[in-house]
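J.: First to last, the protein sequences are chains A and B.
What the first sequence shows, in full-length UniProt numbering, is residues 1 to 636, in sequence order.
What the second sequence shows, in full-length UniProt numbering, is residues 1 to 636, in sequence order.
Note that these hints are calculated values from the structure, not bench results.
Being a predicted model, the structure only gives us computed values, none of them experimental.
No incorrect hints appear here.
Copies of the same chain are indistinguishable here, so a pair counts whether it falls within one copy or spans any two.
Below, simulated DSSO-like cross-link-like pairs (lysine-lysine); rule was C-alpha separation at most 27 Å, straight line:
#: 1; residue 1: Lys540; residue 2: Lys608
#: 2; residue 1: Lys608; residue 2: Lys528
#: 3; residue 1: Lys519; residue 2: Lys608
#: 4; residue 1: Lys136; residue 2: Lys81
#: 5; residue 1: Lys462; residue 2: Lys540
Single-letter residue listing:
2 protein chains.
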Amino acid sequence: MDWSKDLKPAASANGAEILAQERQRSQINVDRLSHHLFGSAYLERQQRILRILQREKIFSKANQANLSRPDRYFLGLARGKRMRQLMDEHTWNDDDLLMAEYLIDDLQPYHLHMSLFAAAMREQCSEEQRRYWQPKIESWEIIGAYAQTELGHGSNVRGIELEARWDPSTKEFVLHSPTLTASKWWNGTLGRTATHSVVVAQLMLSERNAQGVMEERSVGPRPFIVQVRDKATHQPLDGIIVGDIGPKYGYAPMDNAYMLFCNHRIPHSALLSRYASLDPDTGIYTRPKSSSSVYGQLTRGRSVIVMNARLVIARAVTVAVRYLAIRRQFRDQDSTDPASVETPVLDYSTVQIRILPLLATAFALHYSGSAMRELYERTRSSSTLDGDNAQLAELHSTSAGLKSLATELAANSVETCRRAMGGHGFGGGTGLIQLNNDYLSKPTVEGDNWMITQQVARYLIKKVKERAEAPGADAVSRTEQNLQNFWNDRHTQPCFAVLENDADIVKAFNWRASCMAVKAYEAREVQKRPWNSLLVDLHKLSKAYSQAMLVATFFDTLQAGVGLDQSTSTVLRSLFHLFSFHTIDTEAREFQSSGAVGTEVLDQLPAKVLMLMEEIRPHAVRLVDSFALPDYLLDR
Amino acid sequence: MDWSKDLKPAASANGAEILAQERQRSQINVDRLSHHLFGSAYLERQQRILRILQREKIFSKANQANLSRPDRYFLGLARGKRMRQLMDEHTWNDDDLLMAEYLIDDLQPYHLHMSLFAAAMREQCSEEQRRYWQPKIESWEIIGAYAQTELGHGSNVRGIELEARWDPSTKEFVLHSPTLTASKWWNGTLGRTATHSVVVAQLMLSERNAQGVMEERSVGPRPFIVQVRDKATHQPLDGIIVGDIGPKYGYAPMDNAYMLFCNHRIPHSALLSRYASLDPDTGIYTRPKSSSSVYGQLTRGRSVIVMNARLVIARAVTVAVRYLAIRRQFRDQDSTDPASVETPVLDYSTVQIRILPLLATAFALHYSGSAMRELYERTRSSSTLDGDNAQLAELHSTSAGLKSLATELAANSVETCRRAMGGHGFGGGTGLIQLNNDYLSKPTVEGDNWMITQQVARYLIKKVKERAEAPGADAVSRTEQNLQNFWNDRHTQPCFAVLENDADIVKAFNWRASCMAVKAYEAREVQKRPWNSLLVDLHKLSKAYSQAMLVATFFDTLQAGVGLDQSTSTVLRSLFHLFSFHTIDTEAREFQSSGAVGTEVLDQLPAKVLMLMEEIRPHAVRLVDSFALPDYLLDR
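Using the sequences plus the hints, can you model the full thing?
T.: What follows is the structure, encoded as C-alpha cells:
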C-alpha cells in the first residue's frame, strides 16, 4: 500500500553518497584529529556510555518535542531515576555520569541535586555537617536544591532580601521573606522535586552599636541547609510556600522554583559553617575568611564553560556542514552548460561566511579551554610552580571575559547555523531546537555576559595604572608584557604584517587590546569619568582582550606542534588564519584606530577570508567528523 | 492560610509606582503620538476587536505554553472555528480579521486557507473557476492550503520535481512524485486540516521536437487545485500520501505537511488558468504573460512585512523598557552615599546600547513601511502619476533589501531584548518566547534574507552600468540621482558633516551605498569576476542601500513635519540621530573607506550615541506607550 517506501531522493540529492564524496576530497585523518582534540579516555568513555544508553528506550528523543511540559517533567523524573540505576549498575564515576548527562541531552529534575547542591554542601559544610549529610546526598535519601537567586535579586547577591534571624532564646534561626521580591526564584529542582535545599539568606544578628544600644543588622548572605518538604507526604513544611515558576525558554523537564518563608524556624545546625560560624551559646559570629583555593575552582569552572561552548558550536556546525554539503539549490549563474547540476549550498560564499568562521571558532575555543584546564591541573598537583600560579591569578581576573565571549559565540552559533540551513533549519529535523532553547540561558547565568566583563576591565585598568606609575617595573605576566610593549611604543602605529607573519597576528591582537586598556585607564583614572559612562567601552575592551587570548593560545598550540600529519596541520593553520582574519575584519575599526593593522591590509582581508574559506571547504565534512559527535547526540 | 498574598514588593521595586514616575519625567503626548503612528481607524479597530476577544475564554494565553503539540493543534482548531463565528456575528471585514489574528497571536490551522490559498485562487483562477470556487472558499465549505515548496526545493521554485502530466486520452492531468525529494514539504494547513490545496507542479507536455519526434518536457511549474481528502471521512484520496512533518521551531498549532502523489488523476479543470491554459481538445498550451500588476502587489506585501517587523521590535522593546525601568540591580559604583538605592537597569549604558537603538529602529522601519504603503495606495488609485510609477518600479527591484534588513533586525531584536532582561528574560513572564519562536521563520520565508539581496545588487549594478555608459543621461529616480552624484565626484572624499547637518546624514548613507554599488559594478562588469565570489559584498551592498532608504525616509518625514508638539518632535529627531549614528558607528569601516565620513567624526560617534541615549532615556516609557500595544497582546 505505501508506495512512498520505494521512492529514492533525486539523483543529485543522495545524502550518503554525497558525504562519501565529500570525505574523499580531504586527506584529514579524522580518527587522529579526534584523538588530538578529545584524547582516548574521553572517546572511549563516550563509546562505552553511548552503548549503554542506546539500549534504554526511556532516553529515546523521538517524541520528546511533542510532549506537554508536565509530561516532560515526568519523563525527566523517570530518566533521572534510570540514570541513577545505571550509575549503580555500572559503577560510573563522576566523569561517566557527566558523559551520560551530556549524551542524554535533556536536563533532569535531579540535575541540581547532583551538581550545585552537592558542590555547595561539599564546599560549605563543616566536617561534622559533612559527615551527617554526605551519605544522605550520595544515596539520594534526600534530594537537594540550591536557592540563592530571588525575584528581586540575581546578579547582586548582596542585595537578596530573605532574612535568617538568630533567636538566642530557642537557639534557632527564623527564616522570613519580608517582601514579595524576597521570594526565591529560578531555583532548579526545587519547584517540585527537592526535599531539601541550601538556602542563602541575610544572616541577621543583634549587636550593640557604638551607643551601646542593641541593633539588628545583616552580617551578609550565608548558606543554610533547610528541609523544604515532608519526607512522607512531599508537602511543603509549615511556613514554606514553594512551587514551579512555570514555562520558560528551554529546560522543559526542569522544575524551577519560587519559595517564600513565613517565620520558619530551622535549627542552629542548619547554618553551613565551614567558613563562618555562630556560637550558639555566646551568639558570637565568626566571619568567613576569603579562600585562595577559589582561584583554581573558578578557573576550572570557566574552562568547563569554554569547553562546553566549543561543543555547542561543534554540534551546530556539524549539522549545518553535513546538510549544506548535501543540499543543492540553483544552478551557477555563470554556468553556460544547460545540463549543469545545482550548486551545493555550502559552496555559496554567503553560506560559507556564516558557517566556516564558526568552525574555526570551535577550534579556537578548544585550545583556550584546554590550556585553562591544563593550567588548573598543573597548579592543583603542585604548588611550587610560581609562574603557573601567577598565570592562574591573572586568569582568575580575566576568565570572566572568556566566559562572556565563549557563551555569546556559542549561543549565537546555533541560530546562525539554523538560519543558514534555510527552510529546513526551521524544522525539528535539525536537532538544534532544544539545544538552542536550553543553551540560551548561558549568556546570563554564572555571570551575565555584559556585567562580568567589568571584572576584566577593572583588572586591566589596574595593570595599566601600575605601568603608568612605574614604567620600569618588571613585567611578569603575559598581560603585563603586552601592556609594557604597547606603553613603550604607544605613540607609534606599528601596523603589524598580519598577512605575512603569524606572530604578527598575535601582536596585532595584543596591541589593539592594550591600546583599549590604556584608553580605559585614561578615561577612568586620568579624566575621572563615571564608571557607568564607560561600561560600553569596557565591554569592548574585555572582548578585545579575550579575542587576543584565543588567538594567542591557538598560535602557541600550532607553534608547539600538534603532533599531526602535515595536511591536517595545514588545515589547522588555515583555521587559525580564518578565525584571526575574520575577527580582525569584523572588528576592523578597532584594529585600524589603534594602529595595529593598516588600512591597506584591512582592505585585503575580505578577499583573504574568501580564499581561506575556499581552502577549508573541501575539508569541512572531515573537520566536523573529527568532533566525533554521535548521531545519538545529534538527534538523528 | 496563604500569607504570601499580603506580601508587597520591596519598596524600591513597586512596578506601578515606578512606571508612573517614569511617565512623569516626559512631556510626550502618548495619545497624539499613537495616532500619528497608527491613525484613529487602526486604534479604534484594535480597541473594538480587543473588547470582543477578551470576553472569549478560548483565546486565553494562560496555559498555552504548557500544552503538548497535539493539544496546541486541537486548541488552534477550536480557536479558528470561534474566530470564524465571531467574524460572522460581527460582520468583520478583512482588516478586522487580520486584527483579530494579530491580537490572538497564535497561528491557527486555518490560517493558510484565509491567506495564501484564498489569495492564490483569487489571483490564478479563470473567471469560470473563480465563480465555482469562490463561494466554497468564503463559506469554508472547503479548507484549502498552498503546496509549492518541496523537500528538495524551496528557494528555487523552477527546480521542483512534482510532475503534472497531461493525458490527452482521458483529458486529465496525472500528478506524480518521481522521487522522495519531490515530496511537498512545509505546506501549512495541509498536514491535517485541509480538504483541498493549490498544488504547484511541473506541467509536462508532449510536443514534437525539431526532428519531428514526440518529446515530453516541462513547460514550467503551474498551479492546480486538487482535492486532497475525502469530504466524508477526511482520509486522503487514493494515490495521495499526506501528513504532518512534526515539531518545528515555532508555530505549534500549525500542521505543516508532507505530501506525495502516485499517478493521481485530476480533471482538466484543475489547472488554474487565468494566465496560462491548455486546450483540452487540441492540447495546445498558452503560456503565461508576465503581469505588471505584480509590482504593486509585491510592494504592498513587502510593506506589510516591514510594518510587521516594526511591531515585533516595538513589542520586544516595550516589554524590555518597562521591565528594565522597574528592575534595579547594584548601587552606583561611584556613589559615596551608603543609603543610595540600586540603579534602574535601564540606566546602565550597556543596557541602553542594546535597547534604545532598537527603539529608534522601530520608528525608522515605521516611516519606511508607511511610505511604501502610501506609494502603493497612490499608484493603485491613479495610473497617471509617472513619478510615482517610476518610484514603484524601483521599489519593486529594491524592496527585497528592506525585507531582508527589516526581518533580520526584528528577529534579532527579540533575543537582544530577552538577554538584556537577564534572568527574567529567560522566563515565560516576558511573553516573548512564542513571539521569538514564531518570528524566527521570517528571515527565511518569502525570500531567504541572504539570497534575495542579490536582486537589489543586480538592479544597482545595472543602474551603475547605465551611468558608466552614458554619464550625461538624465537621472530620474532617487537612486539614479544618488549614483550620479557619486559618479561625478567619485574621486573625492566628501566627509559629510553628519554631526552638524541632518541632510548630510542622508548624503553620507547614499554616498556609502553608491560607492559600494560602483565597486560591485567594477568587480562584475569590468573585472568579470564570478557572481558567487561577489555574494558577500552584494549582501553588504543591499544592506547599505536599505539602510540609506530607512534614513532618507525618516529624514523626509521629519522635514515634512510630523504635526506633533515641539517636545515630541525633538525626541523623534533624537531617535533619528540615534538610529543614524548607531548605524554609522556599527558600519564605521564602510563609511570611512568610502570617504562618506571622516575618521575624526567617526571617533566622536560612540560618545554622541551615549549622549543621545541619555536624552532619550527619560522618554523611553512614554515612547513605548505610544506603540499602543495592549497588555492582552503582551501576554501579561
